[in-house]
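J.: Using the hints provided, position chain B relative to the given structure of chain E.
Chains E and B are the protein sequences, given in the same order. For the first sequence, the residue numbers in our numbering are 1 to 1008. For the second sequence, the residue numbers in our numbering are 1009 to 1484.
Covered stretches of chain B, as calculated for chain E (at least 3 residues, CB under 8 Å):
| id | stretch |
| --- | --- |
| 1 | 1157–1169 |
| 2 | 1223–1237 |
| 3 | 1242–1256 |
| 4 | 1262–1269 |
| 5 | 1274–1285 |
In silico SDA-like pairs for lysine to any residue, Cα to Cα no more than 25 Å straight-line:
| id | chain 1 | residue 1 | chain 2 | residue 2 |
| --- | --- | --- | --- | --- |
| 6 | B | Lys-1265 | E | Pro-809 |
| 7 | B | Lys-1249 | E | Ile-988 |
| 8 | E | Lys-761 | B | Gln-1459 |
| 9 | E | Lys-650 | E | Glu-404 |
| 10 | E | Lys-150 | E | Arg-171 |
| 11 | E | Lys-131 | E | Thr-105 |
| 12 | E | Lys-324 | B | Asn-1114 |
| 13 | E | Lys-761 | E | Lys-902 |
| 14 | B | Lys-1265 | E | Val-905 |
| 15 | E | Lys-902 | B | Glu-1268 |
| 16 | B | Lys-1257 | E | Ser-959 |
| 17 | B | Lys-1261 | E | Glu-960 |
| 18 | E | Lys-966 | B | Met-1244 |
What the hints contain is simulated information worked out from the structure, not anything from laboratory work. We treat Cβ as the ideally placed atom computed from N, Cα and C, and that holds for glycine.
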Amino acid sequence: MRSYGEVKREILALKLLLIVIFGGQVLFSCETKERASLPDRVDFNYHIKPILVQKCYLCHGPDPGSREAGLRLDLADGATKLLESGVTAIVPGSLSKSALYHRITDSDPELKMPPPASNLELSDLEIGMIKKWINQGAEYQPHWAFLPPKISQDNLEAPMATQIDVFLQDRMKENGLAQGKLADKYQLIRRLSYVLTGLPPGQEAISRYLADDRPEAYKSLVDNYLNDPAFGEKWASHWLDVVRYAETKGHEFDYEIQGAWRFRDYMIRALNADIPYDQLVREQLSGDLLTAPRLNPETGQNESILGTLFLTMTEGTHSPVDTKKDEADRIDNMADVIGKSFQGLTIGCAKCHDHKFDPIPTSDYYALYGVLGSTRFSPIPVGNFKEKHAALQEVHQLKQQLREMVGSTWEKPTSDSVPVLLVSQTQSKNTIQQGNSGRVLGDFRGPNFQGWKTDGEAFGVGTTLGEPILDRQTGELTGLKKGMASSRILGKGIYGALRSPDFKIDHAYLGVRARGKGGSIRIIMDNFQLISYPIYGGLDQKVNDDEWQNYVFDVGDWVGHNVYIEFLPGSFVRHTYRQEPDAYIEVAYATAFDGEWFYPEEGSRYSPVSSLSQAVNRYNEGNSSAADVGFLNQQLNAGKLKHHFPESRKTLLGMDLLMATIRDTVFIQGVSEGFARESPIFIRGNHMEPDQQPVPRGFISEILDWQPSIQGPGSGRREVVEAILHPDNPLTTRVMVNRLWYHVFGKGLVETVDNFGLQGKLPSHPELLDYLAVKFREEGWSLKTMIKAMVMTEAFQRSTTVVNGNIDPENTYLTHYPIRRMEAEAIRDAMLFASGELDNTLFGEPVPVHLTDFMQGRGRPGQSGPLDGNGRRSIYLEVRRNFLDRMMTTFDRPTPFNTFGKRDVTNVPAQSLFLMNDPFVAEQASLMARRILSDEEQTTEDRIRDAYFRAFSRPPSPSEITDAKKFLASVPTRKGATGESDSDAITIQAWKEYCHALFNMKSFIYLL
Amino acid sequence: MHHHKPLLNQRLSRREMLNITRCGFGSLAFMGMLGSSCKSRDKQSMDFLSQLATTPHYVPKAKNVIFLYMDGGVSQVDSFDPKPRLAKENGMDPTFKIDATQFNDNGKILQSPWAFKRYGESGMAVSELFPHIASCVDDLALIRSMVSNFPEHTNANYFLHTGSGLQGRPSMGAWINYGLGTENSNLPGYVVLDGGLVPPGGVDNFKNGFLPADYQASIMKTGETPVANIQPDSSMAAFQKDKLEFIQKMDEKDREKSDEVEAAIKNYELAYRMQSSVPELSEFASETKATQKLYGLFDEDPNTRSYGAQCLMARRLVERGVRFVELTCPYQKGIDRWDQHHGLKDGHERNAHAVDRPIAGLLKDLKSRGLLEETLVVWSGEFGRTPFAQGKDGRDHNPSAFSMWMAGAGIKGGAIYGKTDEYGYRVEENPVSIHDLHATILHLLGVDHKQLTYHFGGRDFRLTDVHGNVVREVLI
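Only chain E is shown next, with the shape it has when bound in the complex:
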């Protein structure tokens, strides 16, 4: 008798054999008795590489760190070179000279490859495959996904749907498979409605479609659903899985991610408007950097900038002891999600070492790390961008006019020729001046921001230096303003930030001279945002005093850390940014020092000579120094300059009116541009062990080897976007069309939708995938066009009935449409639809999550949300990382921590228990019963028919009607409740049980 181990090995060998034959796409089944044979021509990508990746690359792959014997088998050069041991692994065409062949067939366990200790083993078929490959010349080919998609020109003629069917039918023929028949209209409309909108079809739509005999009936149905706003809701939910969408930061207290839900709405709007995918890529990675952002045609909202929530939807820890590690974790998550979402690459795997399988050296990881590290988190105001921008533009111009009005009257000052002791512009060019007991980080008493960066519009384009101070009633000029950075330079209530360049803490204290109302000064260390007690509380100080004060930050514990300073007119409350309408902040200077407060001299006062005419000239040129302004004020006080400007009153009034219309009150957590900061490699991924040299910024430079490294002052996100959207990028289009295909057909052409690297699956239909990728770009990146082409195919319209005689157990070749379990959202929405309770309002704040006793822990909201989620579609239910909706979780909506492009479909008792016993399901059943009973004219049969349309989008069969009647009659009357004579109550109870039973039938949660 054979041992279990032997049997197991045989089974395993058989499985591998099948996998190899069918390019990894085929279901293993013990019953399959097929004998495998070697292909005529062994293909490197399809036949050999899967073996090498799984069995050899761990020690002979791209990662030099784990490479043995100096042999790498991922490259032809490596495989065919003479090794130190004096042998050559592969000599193309010569089996006897190829050491690899000897080693894999050696019976000596000391020599055999892979070593028995690795628990890896080559099957006879695999060995045969390698043998044949070497004999045929051992030709290497680059990984298929890293080559540009290729299509034959002939294919571009036919309509897309037709062409897709041709590709599919070709493969069916090759494999001797027959195609199935088309689905009936009921099955088809239900499927189409779910796939496109996530909702069942309405009874009216069903009747209309059934009655429509025109050849274009189906096409117009498709168009209707594509134009239904529910389309955006359904397809946005798919993208939310990819971007690890959540509305809180998880961790201990599960703080809010400010405005995260606006990303959901942004995506719904974008999909409904069919915003091209390239634009969506651009916005999600760099929506804050677009010179012409996309504006919402209705609200004037800057849509593009909402996309940047893509980056900030990471987790957040409120009190990491090591902020550097925290930053590394945040960036790691962003890098990983960027790689998977847009490129189907696991860039995160290159954090600690070169990627074991893909050509992603660890330097590529830190090249992207540099880009993300140079990107700063920032509140972003939402609202009517267009109006605000226009108003601010105008205010700015009016201010200029006032200045000119004042300055131009001084053009010929009387005491022109008298020289005075004054300043020149000879301020140090260094933004950071060295002092004895400290240094200046920024001095805003001069005209400019000294290299600090403004974000938003509150701080204007320069300091207040020389601004005329005019009395609103009289138009009297009372003086010229001193220099300071002011968030109310154009008026109060608008958002803006002023941020320093990055610098290393080298003094025990930081000091800021400031005043304000509701404003704040924050020291951002290693990009750490959730500043709070107990460790970091001191790094965020509120500025709430109209008098000038010195704000001191004790940073002695963090000497050596990389920080920047930010001034905000508002402040963070529980880690969300708030800004009152009258909030502001003004700053004179910022310093670093030890011991005593460091006061930077206004050296200018004692500086060289000027004259009034020069001072006035410079004023009119907008180049005044602080000393010029001081001197002009002197002259003004002495009555030597004109100071009566009654005509200014109108301008001032105009400005006030304009400013009164704009207020930034609503914010999201987005990003803004920092200063270019390259990162060194962290040895073995350990941030405590940085390498010596920083890595130039870039994006998967070995795969996209045509791009130069990123130079310049910005973060480099623009360049990353260019690399992703570049016509030579082989991945972007393929990855996205494959995601669409997965959602339309239930399985990707590449099954591993988030991994197109060497460990990903090979495409089942390579030519089709390439065709779609090329068309996608040609069609202007239109998602709707691609989806439409897919649902217009015959393949989509086929019945779910398996074709007799076909051997394709996984339905790889789509001879029939697969049976699919509906997604969590669709199941819940379908219940609300059936009960008539579905509220199809679009957009808005999330509905608070319904909490049960089993959902406990810190950060638990004080109140539970409604059981029925107010009848809103599931996409609007709150996504709290630590309190995920119980139903969504039970039915496999992924935990949002990383890209999850492909959902699990599990079958767990918790699902059955939920449908059997959860009060939500019972409540909806009861509401559905009442709805069905509401028309008193209807017969029982009418009602059963109504129920079937609500639940299954089809009429019941005669036997189903009989069974239903029997069931309804069998429901016992509830004792004591309303009294047995209350026939209404009895009827309602019976129908409730019946509706509840419908919800529990498999055809309710499956597309059968």
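T.: Same frame as chain E, now just chain B:
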């Protein structure tokens, strides 16, 4: 040769699985919670094949694990690691280098308010906090040299539970069920008995992460409704069976359409059975008075009674083949778990009183029933506490040294492993990491931690990441 029936099951395809389970209602395997179903769903992937190719078995010592999670971090120098030097230097400034702590409000050396005594044949020293556990020392293997990577609860909790400080990774209970499956088809394989305190980091401490949802913990409470949705609407409970039969009848036409549909139909039969098997767990009437007393069910402290009920339920769960049971601490008003940043004496005393008798009861009860031989009991917090005060009378977090113990299957009773410095602040000898602890637990279950992998996002993940050494010194 093959000790692991569930592992054997894993080698079957789901189709085979269905063929076996098609035999009838009674023999239906627990399709959801049994590891096999998911494994086989992954059968097309290469990683599944390599998974199958491994033979990671050792002779398992333990079948089940009970994890007594001491949420908040018990002070080692007040429990299992006596440090006389603290008494000598009480009230003095620490002379050693201090790491940044979470609150950075570090005060003077603080001696333990509790005296230590030696117990048992092994002479293991235990403080007055745990007089009952002290009576079991010869069954415990004590590790005094635990270290964690995180000085802060949430990360440390994730780390202890999932082997990673980041949120979203599978918990060890999920890993173990993924590796071994459950032995009882009517109960979930991974149960968290919620005593009232979900640890910081929330239920993500107990989640499946990237493993299929089948492996997540079922959170149970002691009481009438131990699991969400386990009880049908009471007014129509009697009718439920008829309704389910009707549903099944109507589903019949779809049964043959796909394996998935068939499995979903069968799932209902299982769920129906769970409705009775789960509530039965907390029906303690069948336990003798003596047993109930042993667990502290008659104690005047309601927290002792509550934790006692959890411990008793834990025994009943492992008795019924549940693979991994974790107990969280009872909620006590006014003290925040074991996390005594101030009021060490009061807080630790009340916490200890709640768990001491029930834990000793559990160990003794398991032993007397022969269950301790196949059950591994693990007692640990996420980190320890500082030997110096926070403020006046508290202790801050200390990931650099803490004590934990294990008892039962495969454990060398009375063993003491590892050593801290004279203050109990840092480990001096034989540090044991969380990864080492995980490796050891898996080892006792017969699983090589290096072989238990799951392919996600382009990488083979392990509970122990790329670390972990089995601590053989505490094993028989």
